[in-house]
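Chains as they are written, first to last, in our numbering: chain A, 4 to 491; chain B, 11 to 165; chain C, 245 to 680.
Some hints could be false.
[Unchecked claim] Residues from chain B shown here face chain A by an in silico Cβ test under 10 Å; the list is partial: (1) D50; (2) L60; (3) V62; (4) I65; (5) T165.
[Said to hold, decoys possible] In silico DSSO-like links for lysine-lysine, alpha-carbon gap of 27 Å or less: (6) A:K77 to A:K227; (7) A:K141 to B:K80; (8) A:K77 to A:K87; (9) B:K12 to B:K110; (10) B:K110 to B:K155; (11) A:K248 to A:K227; (12) C:K249 to C:K289; (13) C:K429 to B:K80; (14) C:K249 to C:K479; (15) C:K479 to B:K12; (16) A:K117 to A:K136; (17) A:K171 to C:K277; (18) B:K110 to B:K80; (19) C:K479 to A:K77.
[Unchecked claim] Just a few of them, taken from the derived set where beta-carbon distance is under 8 Å, the chain A residues facing chain C: (20) V99; (21) N102; (22) I133; (23) R180.
It is worth saying that the hints were derived from the structure and are not from the lab.
Heads up, the beta-carbon is just placed ideally off N, CA and C, and yes, glycines get one too.
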Amino acid sequence: MPEFFINGKAVQAEDNQTVMQAATAHGHYIPYFCWHPELSVPGNCRICMVEVAAEGQAEGEGWLDIACNMPVTKGLRVYTDSAKVRARRKETLQFVTLNHPVDCGICDKAGECKLQDYHYAYNGSPSNSIDAKVHATKHHDLSSRVVLDNERCILCTRCVRFTSEVSKSHALGVQDRGDHSLIRAVGDGAFESDAYSDNVIDLCPVGALLSKATLHQTRVWYLKPTPSVCPGCERGCSIYIWHRKSEWRLQALDARRNARIDRVTPLENPAVNGPWICNKGRDLAQIFERARAAQAMLKGRPVDLQQAIAAAQALIAMARRPVTLVSSWASNEELAAFAQALGPRMRCFVKPDCQAAPGEVLQDGLLIRPDKNPNTTGARAHFDALPQDPRSAFAADTDLVLVWGEGYSFAQLPPQARIVVLNSYLQPENGHADVFLPISVQTERSGHYTNFQGVSSAFSACFPKPPGVADAQGLFEALGAMTLKVLA
Amino acid sequence: MKHLVPEFDSMRRRYPAEATSSLVLPCLRRIQEDRGYVADEDIAELTAYLGVPRIQIEEVLAHYTQFRRKPIGLWHLQACRNLSCSMRGAERVIDHLCHKLGVQPGQTTADGRYTLSTVECLGSCGTAPVVMLNDAYLENMDATKLDALIAGLPT
Amino acid sequence: MTGRKVIMNFPVTATSHSLADYRARGGYQTLAKVLREMRPEQVTKEVVASGILGHGGAAFPAGRKWGVIKLNDEQPHYLCANADEGEPGTFKDRWILENAPHLLLESMLISAYALQVHHAFVYIRGEFDLPYRRLAAAVEEAYDGGYFGKALVGSDFACDIVIYRGAGSYVCGEASALITSIEGKKGYPRNRPPRLTVRGLYQRPTVINNVETLANVTAIVAQGGQAFRQIGTAKSPGTQLVSISGHVQRPGVYELEYGTPLAAFIEEDCGGVLGGGQLKCIVPGGISTKVLTAAEITTVTYDHASLTAAGSGVGSGGMVVIAEGTCMVRLLQILLRFYHHESCGQCTPCREGMGWMHRIIDRIVAGQGRPEDIEQLARISRANDGTTICGMGDAAGYATLGILAKYRDEFEYFIQHRRSKFDGRLEVEGPEAAHA
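From just these sequences and the hints, can you work out the full model?
Rendered as structure tokens:
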């Protein structure tokens, strides 16, 4: 546990730490492009150079070296902001920006770009060069999801190291050499099938790697990140869902623009996913922005919500052998409300709302888990799993099935039973239910999921729910109320 | 590449056991000697044979100047353009070759016989100007000697 | 008058590189003595005692490098001979590979024994043809002779050797890039720490020495380190193979005892400037060393202290003679074009800086130079000093600053008049040179 000094302040480092690691852990900021706490140290950007003073040297008399590869030794004296260091950073930034196009006005990274930030903080001067910049490919598809602008690329190699050390697809590399170097994907399409490819977009410190899905669609300062949990599998990675800030809401255009998922990024969570998520998490809009069921119905006939609730209450009160298929996308709060209001009355089974799609990765050594539902664990804490053959959940005398969420088909339900369906998405079968109640989705409420390791994570509401749609949690209290009355 | 595998196997035995990755350069060199360049299917086959990430092989091919992904002419003339050679006439030699062959450095003649390249120091500065003809060093070159050599090449 | 010889001490004939001829000269006797009578530490002790400095350009004491290797640490150690010889102006290791390959191999075996290396490599630049064939033939002879393989010449020390051919990349002459290349990857240098003697090839303790440095080991061990010290100067023991080229009457490879007066060597041994012209300046040790003017070398002796005091260095031993009338702007253009071409591209100052300098000098030569260009070249050079992963950035900087310091007037002239002071000349008149 060597003690050393940063800018005159004593810092206790762990054994075998670098100056960069120790400084970062203790809140001393040293700028970096190529360094990343989860990746190997290439030491190529040179922006993290700090001054080191030897025995007998004062600040300003020392030598400069990169902090990311400098082992902490006892008594080391490091200066991160001396005049020498500032002069060095300015020179380094001259080199970094030498051939970097001034694309800020059209670059998606603007507002969250390290190079912009460091230029303002440490350089602030125009280029000393009067020669033309080196030109390279501006719009190169590394895959169907990730586009690369080689002119913006500063060759920090974070993306390359990610694919060789984290996702292990070994899908990216550096072609050619010198200032003709280009990041390129390997020729056999491995980057296209890398389930974690989009993490390189977050990793890229500049606007070289961008998401094709969200290209040129919005500015980051119009968006706010709401913490949430990815429902794609039982890992429950922590994420940010980015959506339009209310003060920046668009008046003239389609109102749905103000209530949509603009992008999804990882929320760093050491206990669950570290700083990564898989590509499925990036595509959550594909799940949440499917056509919504917004209309309560009785056997397909539109009715208002209160009418439908009353009808459901009556069916539940009358049923003698009711069965509930519980959603594995239910939040812990919803499950608790259900368990209290209706649990004792019902035979309950937790169903997998979602299965893996054809070609979807089932499981890997990184994040992806085979159960493609976010809260099977939370639900199983209350109830049993649905048997292998779903039909054996029902008996000859099952007279009511309450279906909560997706992932069932009418064919599996006992023909003699009355059916009450709680669902969020528009499906033709909704009309076959005796009572259909539209319910809110995860992004419209707050709650918790428990992942397969027993870790509970919170998600917060991003959007208001559509009119005519109920929160399941509130519904259960209402649905159970009549039952109690009847029993009493 | 399959017919080269026995050679690669015996090459492998000369290396330390932990050094399979080292074989990338020597195998590529051998493949190129055999075919004249390294084809896409060679990359796939070598990846499978060595068990190294394919990207490593692709990066090596792009980094080193001696590897080619496309065929070139029968005779590859590589003229040094570095310091001592330039001080002893290399620029005139290169100019002469461009005019004589009708190509610029980096190009192959229309009949597919000659490819002309300029290269950096070949480590033969004492006998400048130096031109490589395929694998051989042609030393103390000038226009006259090159003309005679080229004329003497088999058709 | 180039002094005593350690390496070029036999007449070169059609067969002098063969095993038979080498043995007739006493070859492999020292190896036999080492295996019979010495422990590994004793061999290293002689190398330390010799004080020999590395001949690749960095002039690091070889014995000190060897001393970092921990013996008996139960992991493989590697030894690599650096035969990449890419520094422009340098062709002296080639002499050893072509004419004394067995000297190198015997020296490598002795070194391998000292360092507990059982797998040695010679990294030879891919372009070398005859040197490679001679070395490969020597390796086969040596295996047949029982010098490589299991149980060397009756001892229980085993060593294998692999000749690893490069494929066209100057930066692979840098030690860490060299081993990354031997690992089958592109030639990217590595940051230190860790030192290569701690974690090098395949993360094992590795010693990389220049071919010439290794070639000296046999003589050092044969006569003892102290005796070796009697040759050369106090701070530069031994000799240097100097490759001399450019505007010189008799270019070639000469072995100089350190301490040899430099101007006299060029004038007398090498026949002076081509065609009897006037000497303008020299590049003493490969283009990455600073130029020294004719006036500056009159008092210089060929050794590290004297050349460093004169503001340059021994470098790689690649001396280039430049006659009066040569345009130094065009000369720098060739150097900057070279560095730009060879930059690996990893680190920011070199990757961007080399291209920038090249574009500036191209613009000056095209008659579009601006007065600020000179200071810009100097500034980029200084910004590459001590800031890069490997020494290439520094090297380009030194070369540039050296030429700018001594020939600034030519650059100012070119910028002001949009043409060279010397008609852009790199060649000078003169008859064909004879060879050493």
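For each hint, the structure was consulted:
no. : hint             : in the structure
1   : D50              : holds (7 Å)
2   : L60              : violated (13 Å)
3   : V62              : holds (9 Å)
4   : I65              : holds (4 Å)
5   : T165             : violated (36 Å)
6   : A:K77 to A:K227  : violated (43 Å)
7   : A:K141 to B:K80  : holds (25 Å)
8   : A:K77 to A:K87   : holds (23 Å)
9   : B:K12 to B:K110  : violated (40 Å)
10  : B:K110 to B:K155 : holds (13 Å)
11  : A:K248 to A:K227 : holds (5 Å)
12  : C:K249 to C:K289 : holds (23 Å)
13  : C:K429 to B:K80  : holds (21 Å)
14  : C:K249 to C:K479 : holds (18 Å)
15  : C:K479 to B:K12  : violated (56 Å)
16  : A:K117 to A:K136 : holds (21 Å)
17  : A:K171 to C:K277 : violated (51 Å)
18  : B:K110 to B:K80  : holds (24 Å)
19  : C:K479 to A:K77  : violated (34 Å)
20  : V99              : holds (6 Å)
21  : N102             : holds (6 Å)
22  : I133             : holds (7 Å)
23  : R180             : holds (5 Å)
The earlier numbered hints that this structure contradicts are 2, 5, 6, 9, 15, 17, 19.
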